[in-house]
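**Q** Here are the chains, one letter per residue:
Protein chains: 2
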Amino acid sequence: MVKNIKNDAITPRDVDFAQWYTDVCKKAELMDYSSVKGFIIYRPYGYAMWEIIQNYMDKRFKETGHENVYMPLLIPQSLLQKEADHVEGFAPECAVVTKGGLNDLEEPLVIRPTSETLFCEHYAKIVNSYRDLPKKYNQWCSVVRWEKTTRPFLRGSEFLWQEGHTIHATEEEARAETLGMLDIYNETAKELLAIPMVTGRKTEKEKFAGAEETYTMEALMHDKKALQSGTTHYFGQGFAKAFDMKFLDKDNQQKYVYQTSWGVSTRLLGAIIMIHGDDNGLVLPPRVAPIQVVIVPVQQQKEGVLDKAYELENILKAQGIRVQVDSSDKTPGWKYSEAEMRGIPVRIEIGPRDIQNNQCMIVRRVDGQKECFDLSGDLTEYLSKVLDDIHQLMYQKAETFLKENIHSVYDYDEFKDVLENQGGYLRASWCGDEACEAKIKEETGATSRCIRVGDTPEETCICCKKKAKHVVYFAKAY
Amino acid sequence: MVKNIKNDAITPRDVDFAQWYTDVCKKAELMDYSSVKGFIIYRPYGYAMWEIIQNYMDKRFKETGHENVYMPLLIPQSLLQKEADHVEGFAPECAVVTKGGLNDLEEPLVIRPTSETLFCEHYAKIVNSYRDLPKKYNQWCSVVRWEKTTRPFLRGSEFLWQEGHTIHATEEEARAETLGMLDIYNETAKELLAIPMVTGRKTEKEKFAGAEETYTMEALMHDKKALQSGTTHYFGQGFAKAFDMKFLDKDNQQKYVYQTSWGVSTRLLGAIIMIHGDDNGLVLPPRVAPIQVVIVPVQQQKEGVLDKAYELENILKAQGIRVQVDSSDKTPGWKYSEAEMRGIPVRIEIGPRDIQNNQCMIVRRVDGQKECFDLSGDLTEYLSKVLDDIHQLMYQKAETFLKENIHSVYDYDEFKDVLENQGGYLRASWCGDEACEAKIKEETGATSRCIRVGDTPEETCICCKKKAKHVVYFAKAY
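If you're matching them up, the sequences are chains A and B in order. Quick note on our numbering: the first sequence kicks off at 8 and runs consecutively. Quick note on our numbering: the second sequence kicks off at 8 and runs consecutively.
No lab work stands behind these hints, which were simulated from the structure alone. In this text, a Cβ means the ideal position worked out from N, Cα and C, and glycines have one as well. Keep in mind that the hints are not guaranteed to be accurate.
[What the hints assert, rightly or not] Output of the computed footprint for chain B on chain A, the stretches with three or more beta carbons under 8 Å from beta carbons of chain B:
id : segment
1  : 34-44
2  : 69-83
3  : 93-105
4  : 119-131
5  : 143-151
[Claimed, not checked] Simulated crosslink set (PhoX-like; lysine-lysine; CA at most 25 Å straight-line):
id : chain 1 : residue 1 : chain 2 : residue 2
6  : B       : K423      : B       : K473
7  : A       : K33       : B       : K473
8  : B       : K473      : A       : K34
Using the sequences and the accompanying hints, generate a full structural model.
**A** Below you can see the structure in the form of structure tokens.
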């Protein structure tokens, strides 16, 4: 009884993209809901993707001189309130512990929504001299922000992330860190996730609570909405002054440190799903796929078939390819559909006739391309190339999609028309006035995603027609 | 100005062991206090040790078929209350969130003290058939238990750990898992941390809240007090019935699953410190040392000295040895003391005369043994052997200490006398009656650490003189 899980499992993207997304998250077993709203369970397949991202980025962080630490989960309310802009940004989203060990607490404790204040307090204690600088710390943890509307991976009351917090003796060094980490994020997106990003600076309105400048990378989803996917912040000396983070410099002067922070989260999983997925489910870029190759034995009850499948598995595994034989008691057709749903980049089919002919079938998830491979060749080498090709193809597809959906617009009617009928990014010139930004958001639903540093604006602002200062990418966004 | 940090930095162990411990934790920069009592900061050097432990264990877990997941931080109070013994055990230690996003919550949420209830709820949802079993999940996270008395790594209101939660179709399989994971814990202690453990079963009184049986590994500290260092629990079907975790078995019958859980925490760092440390600070077993070899250049301002130090560093690093050149502007003597305080297993000294003679000095932290190495030999190979030797030596030292401090006692006066004058483990026969266990604890301060399965008891209980059932190791404990 072959049941085709394709048809009844997920909603097509063009029918209801939001429902498609939820279907994929659930049916590909990336996550499940818990009984607390906005708190999801990261299931093994979803968590394994996050682990791969963690390993990749952690290596990059350490190569660039960062060290991991772990800060407390709870922040005294008074500590969170030390920097004015910061507390204003986060107070409405806080989860507050008021009882501990059966007693009411004297001071309420907030579950970290982000850990700037904890790092500041610690740095103020341990840094005395220029010799102690820079400090470049990072932590992997979960944070809690009470959200009204939540969606798996995209917006949750709890999510997993890394938060880097660094302090430096000079402004120059801190600014270089802010941009350098954005580069690492951008490279991770490109090299690991096959995702092209638009990068730039956030406007004053959209920047992080307490930052002087926020930089962002933004990805474009299949439904042409933008997804903020990673941000880095330059703090200047704002927190340094609020927390008295001073050091004795070489010139024997007490100075305030310059500070940065930066983070990416499990939102990246949402980006992978929404950029690469199709109507049959997930399509995973090979380098982030927990299973890169699934081997499906055909007529597996026949002598030698399973043996051969495991033989191939062992060969590939020994060379570092993440491979799995699906030896469950389902039909091959069912297994193919499941492998498609789970987005496994390559499927190998091998049955008695293939074995007789010393061959196997290799099928690519991304485009269904199917070919017969002669097993007297080097399968590992060939598959490594196939996986690389798939990565490149997926990146190029996403890049083409991105480029096709960046629209330069020159007046406000055109802006509204293109937004309405085409979506994507609207590249427009802006005067720098928050009023225009707010008006555009209110009237069209599009927000400023980023200021494109170095891009030359037209004469006039798209909105008010006063002199333009910046090129901004606007889009509807998650 | 050479200042000897040895003398003024830490209290000798025999003067005040507790103070020595705190001094080492702070001065070796393993941790710092935060402004919330019982919530510590894991500093880079301490956290790096935890990462090495994580990597080692995670590999073992995955090799044995376990998968990582991430469960929510918060548990509805009603969910935590579903299993009666469990809630009774944890209710007094809970941190409770009562406000979220500026509103009072309808139902209070508890920060996980442990996640059995979350795993149970999830498993009940996703398991239907014997085909879905076993489920062998693990998560790395922090948990919160409101403690009155806290000490770095040993007892905190927040600590880092892993918690494994598995369900199985048969009792046999679940029992094998419970013991198998204890083996993996025990091997980790031996192979990675150079710590010999005493293993056994906890008494009814000491077992985990909700478990049928708890197994433990217990380490013996320098002050002859025991430290519970890892536990595995067999739950039978208790939680399965409370949470309705059923599956359709091959025989077409609905059955309850059999369950286990198991965990080790950052307590292991406390064990490493208190077992191996000495009056000069930390002494780290090489396999868990974040820095295995420190290279101290002597007269580093002289031409070629730093170059040579970096050359050696590169050679060793390329072969996977964790090595660091200390090129700071301190004196060599100061660097030696710092390296000692931080417990770095091997120190290499190299100066102009060494370079002239194509040699370097190699000094072992564990015993101060110093030798001259001819650099025409293979330094990496030699150091690998040295590091292995140090590991073996440290294990043997700890094992000798452990064996010397297990005292078989045959009557209650002897028990009290040995406990008072010698400390360590008291191997005694016990009737199995909780009254005797409680009396011993009350009168002597020693608790039952574990029942030694397979060890034959004497005729009579050490306490009541009724018929003995078990051999129990008693000790004062952390």
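**Q** Taking the hints in turn, state whether each one holds.
**A** Checked hints:
Interface restraint, the segment 34-44 of chain A with chain B: holds (4 residues with C-beta to C-beta distance below 8 Å; minimum three). With a threshold of 8 Å between beta carbons, the proposed coverage of the segment 69-83 of chain A by chain B holds, since 10 of its residues qualify and at least three are required. Look at the segment 93-105 of chain A against chain B: 8 of its residues bring a Cβ nearer than 8 Å to a Cβ of that chain, three or more, so the hint holds. Interface restraint, the segment 119-131 of chain A with chain B: holds (3 residues with C-beta to C-beta distance below 8 Å; minimum three).
With 4 residues having a beta carbon nearer than 8 Å to a beta carbon of chain B, the segment 143-151 of chain A meets the requirement of three or more and the stated coverage holds. The suggested pairing of K423(B) with K473(B) holds, with an alpha-carbon distance near 19 Å, which does not exceed 25 Å. A distance of roughly 59 Å separates the Cα atoms of K33(A) and K473(B); the hinted pair therefore is violated under the 25 Å criterion. For the suggested pair K473(B) and K34(A), the alpha carbons sit about 60 Å apart, so the restraint of at most 25 Å is broken.
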